[in-house]
Amino acid sequence: MQLNRDDLIQAYRTMATIRRFEERVQDEFSKGAIPGFVHLYAGQEASAVGVCSHLGDGDVIASTHRGHGHSIAKGCDVTGMMLELFGRQGGLCGGKGGSMHIADLDRGMLGANGIVGGGPPLVVGAALTAKTLGRKTVAVAFTGDGASNQGTTFEALNLAVVLQLPAIFVFENNQYGEGTGAAYAVGSRDIAGRARGFGLPAVKVDGDDFFAVHEAAREAIERARAGGGPSALEVETCRFYGHHSGDAQLYRAKDETRRLREEHDCLKHFRRRVQEAGLLDPPELDTADADVAALIERAIAAAQAAPPPDPAALMTDVYLSY
Amino acid sequence: MQLNRDDLIQAYRTMATIRRFEERVQDEFSKGAIPGFVHLYAGQEASAVGVCSHLGDGDVIASTHRGHGHSIAKGCDVTGMMLELFGRQGGLCGGKGGSMHIADLDRGMLGANGIVGGGPPLVVGAALTAKTLGRKTVAVAFTGDGASNQGTTFEALNLAVVLQLPAIFVFENNQYGEGTGAAYAVGSRDIAGRARGFGLPAVKVDGDDFFAVHEAAREAIERARAGGGPSALEVETCRFYGHHSGDAQLYRAKDETRRLREEHDCLKHFRRRVQEAGLLDPPELDTADADVAALIERAIAAAQAAPPPDPAALMTDVYLSY
Amino acid sequence: MPMKTIRQALNEALAQEMRRDPRVVVIGEDVAGGAGTPGQRDAYGGVLGVTKGLIGEFGPERVIDTPITESAIMGAAAGAAATGLRPVAELMFSDFFGVCFDQIYNQAAKFRYMFGGKATTPLVIRTMIGAGRSAAAQHSQSPYHVFTSVPGLKCVIPSNAYDAKGLLIQAIRDDDPVIFCEHKLMYDLRAEVPDEAYTIPFGEANVVRDGEDVTIVALARMVHYAAEAAEALAKEGIDCELIDPRTTSPLDTDTILDSVARTGRLVVVDEGTPRCGVAADIAALVAEHAFAALRAPIRRVTAPHTPVPFAPSLEKLYIPSVGSIAQAVHDTYGYGR
Amino acid sequence: MPMKTIRQALNEALAQEMRRDPRVVVIGEDVAGGAGTPGQRDAYGGVLGVTKGLIGEFGPERVIDTPITESAIMGAAAGAAATGLRPVAELMFSDFFGVCFDQIYNQAAKFRYMFGGKATTPLVIRTMIGAGRSAAAQHSQSPYHVFTSVPGLKCVIPSNAYDAKGLLIQAIRDDDPVIFCEHKLMYDLRAEVPDEAYTIPFGEANVVRDGEDVTIVALARMVHYAAEAAEALAKEGIDCELIDPRTTSPLDTDTILDSVARTGRLVVVDEGTPRCGVAADIAALVAEHAFAALRAPIRRVTAPHTPVPFAPSLEKLYIPSVGSIAQAVHDTYGYGR
Ligand SMILES: Cc1ncc(C[n+]2csc(CCOP(=O)(O)OP(=O)(O)O)c2C)c(N)n1
Ligand SMILES: Cc1ncc(C[n+]2csc(CCOP(=O)(O)OP(=O)(O)O)c2C)c(N)n1
Ligand SMILES: [Mg+2]
Ligand SMILES: [Mg+2]
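Top line first, the protein sequences correspond to chains F, H, E and C.
The first sequence stops at residue 328 when you use the working numbering, and every number in between is there.
The second sequence stops at residue 328 when you use the working numbering, and every number in between is there.
The third sequence stops at residue 372 when you use the working numbering, and every number in between is there.
The fourth sequence stops at residue 372 when you use the working numbering, and every number in between is there.
Do not rely on the hints blindly, as some may be mistaken.
[What the hints assert, rightly or not] With a straight-line cut-off of 25 Å between C-alpha atoms, the simulated BS3-like cross-links for lysine-lysine are:
| hint | chain 1 | residue 1 | chain 2 | residue 2 |
| --- | --- | --- | --- | --- |
| 1 | E | Lys219 | F | Lys37 |
| 2 | E | Lys351 | E | Lys219 |
| 3 | H | Lys37 | C | Lys351 |
| 4 | C | Lys153 | E | Lys351 |
| 5 | F | Lys260 | F | Lys274 |
| 6 | E | Lys351 | F | Lys37 |
| 7 | H | Lys37 | C | Lys219 |
| 8 | C | Lys87 | H | Lys260 |
| 9 | H | Lys260 | H | Lys274 |
| 10 | C | Lys219 | C | Lys351 |
| 11 | H | Lys274 | H | Lys210 |
| 12 | E | Lys87 | E | Lys219 |
| 13 | H | Lys142 | E | Lys153 |
| 14 | C | Lys153 | F | Lys142 |
| 15 | E | Lys153 | C | Lys351 |
| 16 | C | Lys219 | C | Lys87 |
| 17 | F | Lys260 | E | Lys87 |
Hints listed in this document are in silico derivations from the structure and should not be mistaken for laboratory results.
Full structure from sequences and hints, please.
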């Protein structure tokens with residue numbers, strides 16, 4: 007573990023930001039303040055933060071429909087995101103993208119994606135840019151157990167291997183694709199193993215454990231930066247909410263989410279670990295929680311206060327020139 | 007080897023028919039008598055025949071752009087095929103399909119295919135029909151090393167495993183996809199191994215050796231018929247001609263095709279094996295050759311003599327009713 | 036007659052056809068839901084509940100949940116249709132056609148022609164269209180112009196529960212591949228729907244309203260907007276004929292041309308984008324075959340040439356409105372008077 | 036000026052732009068050929084030789100051979116374009132759009148809008164269109180109507196070597212995603228082509244021939260057929276104006292509308308299928324915006340609503356001919372006289 011105190015507090019703060027963001031989005035969505043669909047990332051924070059803490063603005067990620075966590079971990083402005091979710095002027099995408107299309111190219115965030123399996127090929131491209139221009143940056147595809155069955159994902163794995171690109175494929179296995187179990191949809195029942203068959207190193211890692219994710223990601227990312235080619239990570243994780251906000255979750259065991267929150271909460275796990283190791287004190291963590299809560303409330307207040315986009319925005323930004 | 011004399015002579019005759027068909031198509035194409043593109047199967051005969059000799063009309067195959075061999079092995083009428091290649095009335099598809107779309111549903115031949123990776127998903131469907139209607143039939147996708155990298159192919163493997171369908175995926179690895187080597191395009195350099203990662207049994211087999219293919223196919227097909235689910239076969243084979251008729255083949259080693267014809271000719275290999283084992287005599291095989299040659303000449307003569315399709319055929323068979 | 040929602044009408048059509056014909060199977064992502072989970076099967080019944088309950092009656096062999104694998108779903112359905120089943124495959128959102136269209140347009144739709152008339156491919160693809168739910172750029176499109184353009188494919192776009200049931204049963208019994216477009220905002224719309232099975236033939240438009248002044252052709256949800264506009268215009272003394280083609284391929288050209296022959300004026304309303312859209316197709320038809328009768332420019336009321344925006348305020352501007360339809364009718368009606 | 040084929044013109048455009056800008060890369064199947072083989076690199080140079088020789092000058096890092104993996108190619112090109120390269124990706128046959136269209140229409144084309152104007156995606160997709168080579172149903176299509184319909188995508192369809200070079204350089208320098216359609220039967224067509232680099236702006240039609248009686252709008256190979264028809268018709272005293280839009284998105288609507296304002300008669304010639312095609316799109320444009328000038332029905336001369344047949348005898352009937360174009364002009368010209 008090569009994390010110093012600042013790194014640790016930063017990692018915790020980012021995970022807590024995601025958690026709080028999602029919990030408050032859930033409230034606001036339930037109240038009808040957020041239009042459309044939202045897919046909440048709560049429970050999976052260690053994956054986004056464990057991976058992204060190795061990345062700079064020049065590194066690129068592509069995300070999924072469940073993109074808030076990756077966006078925050080990659081440095082997207084939380085207020086800009088909240089404005090976007092509310093569909094308001096000043097949103098990160100001007101209110102034109104919404105939850106499923108959060109993006110910020112300046113932060114290396116190449117977009118949430120409404121198409122399952124849409125991101126991995128894009129990441130091959132970002133990695134190609136890095137390699138071709140000799141940038142020493144890497145590109146990371148966050149993707150799911152469901153998306154692991156999509157042809158585009160398989161093609162991306164193969165092409166990344168063929169071109170030996172600095173690409174990392176993170177399969178966040180939260181056991182479900184909508185209401186279908188990974189145990190059914192992944193024929194091999196082993197996402198990492200199937201990825202390994204494509205000729206790239208692939209490891210499974212416990213997504214409750216920020217430190218395990220962080221370490222596995224470090225290895226993959228360092229290898230990629232050094233020209234060692236692509237890797238895959240299967241992060242075993244869980245989502246605390248339904249597929250989308252409002253999902254009745256009939257496919258889950260009774261009590262499952264309560265149990266997950268108790269036994270598989272990566273934030274609790276992190277607190278326990280750093281306290282046991284004497285690295286951070288509860289008050290420091292509590293202060294971070296309080297800061298984060300205030301930040302999110304400010305973001306929501308800003309979103310509530312912001313006007314809708316200028317009607318003229320309907321017709322702009324289809325092309326650069328036309 | 008559970009093949010009796012009749013089986014053997016039949017297998018040889020079918021392989022010889024394919025070989026002769028392709029050689030004469032090459033001549034006729036070079037003379038300009040055959041329009042469009044043709045992709046010749048010569049050199050790969052043991053694969054089509056080794057597999058299809060286990061199949062009846064109720065079993066279904068889907069083929070590729072290089073479909074003549076599979077069509078003949080599956081029992082398509084050779085004269086009908088030749089008429090089709092010439093674009094004439096009476097062709098197997100009425101002259102509307104051509105070499106790349108040879109099909110005969112009555113023989114369980116679900117079509118050559120102009121789309122690389124087009125066949126495997128269709129085979130999943132044919133296998134689904136078999137399973138749903140309790141037919142005890144199987145479905146076989148013939149596909150290539152190049153096609154093994156296509157997303158549709160990967161998806162078909164996974165879905166066949168998930169639904170435990172009686173589907174067999176035959177990867178004919180002739181080392182090239184157009185002018186690109188399998189050693190480059192298959193990131194893992196191991197098609198069978200990659201398939202195995204999808205959770206189905208997959209073996210590599212020597213495509214020079216009819217008996218090896220026959221045996222591996224028997225095992226896979228019997229398993230499928232018995233409800234044991236899908237399998238994959240990687241047949242290591244070679245094509246004697248270019249990607250298509252007229253290809254300059256600059257991607258090949260000098261002398262490569264001569265060497266392949268000498269050392270890796272599955273027909274020669276078959277003759278040697280049956281003679282050494284005292285199963286068939288040279289005269290019997292020569293008679294088969296002569297019969298086959300006459301058959302193909304008759305097919306060509308018929309094709310040359312046939313009129314073009316009725317102009318009205320342009321507008322028919324778009325729909326059953328409209 | 037009992038009132039039913041479009042969702043109920045579609046569900047009933049599926050159940051009745053599955054009962055009638057054991058070759059009919061449903062296949063897609065979460066068409067039941069719950070496979071391989073600790074929870075219950077039929078956890079979804081389709082993301083908007085259209086296939087709910089079918090697995091209970093017909094079992095997992097005929098209500099087939101799949102991984103997220105649209106190419107394999109469409110290919111499997113095509114291959115199954117060509118070999119003896121009558122699959123109803125679900126493409127959850129029509130926006131996803133880009134990951135699987137080959138199996139639809141190059142395979143299923145072309146089998147019969149390429150194979151010289153020897154293949155029969157009784158395949159139905161159910162899919163969702165439409166904006167209005169803030170589902171943003173990749174979940175709100177109406178790409179039926181692409182489907183309509185494909186020789187060998189039929190394209191159905193119902194606008195009410197009665198039509199939805201009859202057209203879906205027709206689609207299932209039809210021996211050609213059919214893509215069946217359901218507007219995601221209309222599932223709760225009610226109409227009188229008979230309990231027994233019935234079919235509505237393809238290529239027969241529904242004349243929703245007779246009129247003598249202006250012909251309006253509208254699709255899917257736009258039929259309702261156009262009806263509202265026509266109602267309002269009638270009060271001003273403009274008498275609109277409203278035609279719902281119901282199927283864009285085959286298209287009932289006669290009904291449209293006959294109407295324009297009487298009215299001399301045409302407005303086409305289509306939620307899809309304008310370039311090479313169905314509105315353009317119908318406008319071109321009329322400009323070619325009813326030219327003599329035309330007394331005013333053909334007006335198209337469509338979405339703009341932009342992706343679908345997320346913000347509700349922008350999305351509202353994106354979708355044709357009752358007001359914009361009425362305005363187009365006014366323009367047309369006033370032309371040359 | 037030197038005479039060059041379209042193939043040479045395209046190759047030269049690529050080479051010059053790659054020299055000028057190190058961010059320009061070519062990616063696709065067998066764009067060089069020979070990777071991982073015992074033979075030579077550049078064994079293909081693209082299946083019809085357009086990219087031949089580039090790998091020699093620019094190396095395998097900028098002339099990138101791929102497996103058969105169109106979704107990954109298009110996605111990689113889109114992702115690379117959004118992060119700093121200017122890729123020219125090859126979709127060997129446009130017929131293959133069905134296996135990869137998501138990355139084109141839902142990703143590349145929508146980035147800028149979905150991301151609120153913050154993405155720039157300078158991507159070019161080169162692809163082959165057209166029938167006439169007995170390549171049958173899956174290798175002969177012209178689905179540019181689908182490409183034209185996509186907001187955020189530009190669509191270019193050159194008809195001669197001069198335009199091909201200027202338009203391809205424009206496409207590469209353009210900051211929006213562009214799909215560039217090359218007709219497979221036209222690569223050997225020669226014209227005068229300057230050696231130096233030049234651009235032709237998008238959205239500016241080429242008026243191939245001035246005329247006063249009938250406006251013909253034709254695309255790609257049909258421009259040549261239409262020119263031949265116009266030549267013959269001129270001898271009969273029918274004076275056709277022939278417009279080649281060159282780009283269908285953006286479309287030079289002014290040139291078309293101005294021409295029809297003068298001639299009052301329009302024939303659109305398009306090798307694509309008729310339903311929701313570019314011919315319909317242009318017909319609808321004119322029926323809406325040049326109605327007052329129209330003196331005859333708008334005639335479309337297109338392929339029929341069928342897949343492309345294999346047999347040369349049928350394929351010849353499938354493709355619009357000089358004769359069918361002349362006939363349509365006659366009909367239009369004679370109408371109302
Ligand atoms: C191509 C495509 N198919 C289907 C969907 C509908 N859909 C959205 S999310 C989802 C499940 C994704 O599962 P997974 O990859 O495991 O991600 P998770 O939701 O668990 O984060 C599905 C089926 C889609 N958006 N795109
Ligand atoms: C989707 C698609 N991409 C590309 C092509 C062009 N193409 C035709 S055959 C071929 C090579 C196929 O290689 P392989 O699968 O190894 O089969 P082989 O030709 O060796 O029999 C290619 C690239 C195609 N027809 N379809
Ligand atoms: Mg999941
Ligand atoms: Mg091969």
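For each hint, the structure was consulted:
no.: 1; hint: E:Lys219 - F:Lys37; verdict: holds (22 Å)
no.: 2; hint: E:Lys351 - E:Lys219; verdict: holds (16 Å)
no.: 3; hint: H:Lys37 - C:Lys351; verdict: holds (21 Å)
no.: 4; hint: C:Lys153 - E:Lys351; verdict: holds (23 Å)
no.: 5; hint: F:Lys260 - F:Lys274; verdict: holds (22 Å)
no.: 6; hint: E:Lys351 - F:Lys37; verdict: holds (21 Å)
no.: 7; hint: H:Lys37 - C:Lys219; verdict: holds (22 Å)
no.: 8; hint: C:Lys87 - H:Lys260; verdict: holds (21 Å)
no.: 9; hint: H:Lys260 - H:Lys274; verdict: holds (22 Å)
no.: 10; hint: C:Lys219 - C:Lys351; verdict: holds (16 Å)
no.: 11; hint: H:Lys274 - H:Lys210; verdict: holds (21 Å)
no.: 12; hint: E:Lys87 - E:Lys219; verdict: holds (16 Å)
no.: 13; hint: H:Lys142 - E:Lys153; verdict: holds (24 Å)
no.: 14; hint: C:Lys153 - F:Lys142; verdict: holds (24 Å)
no.: 15; hint: E:Lys153 - C:Lys351; verdict: holds (23 Å)
no.: 16; hint: C:Lys219 - C:Lys87; verdict: holds (16 Å)
no.: 17; hint: F:Lys260 - E:Lys87; verdict: holds (21 Å)
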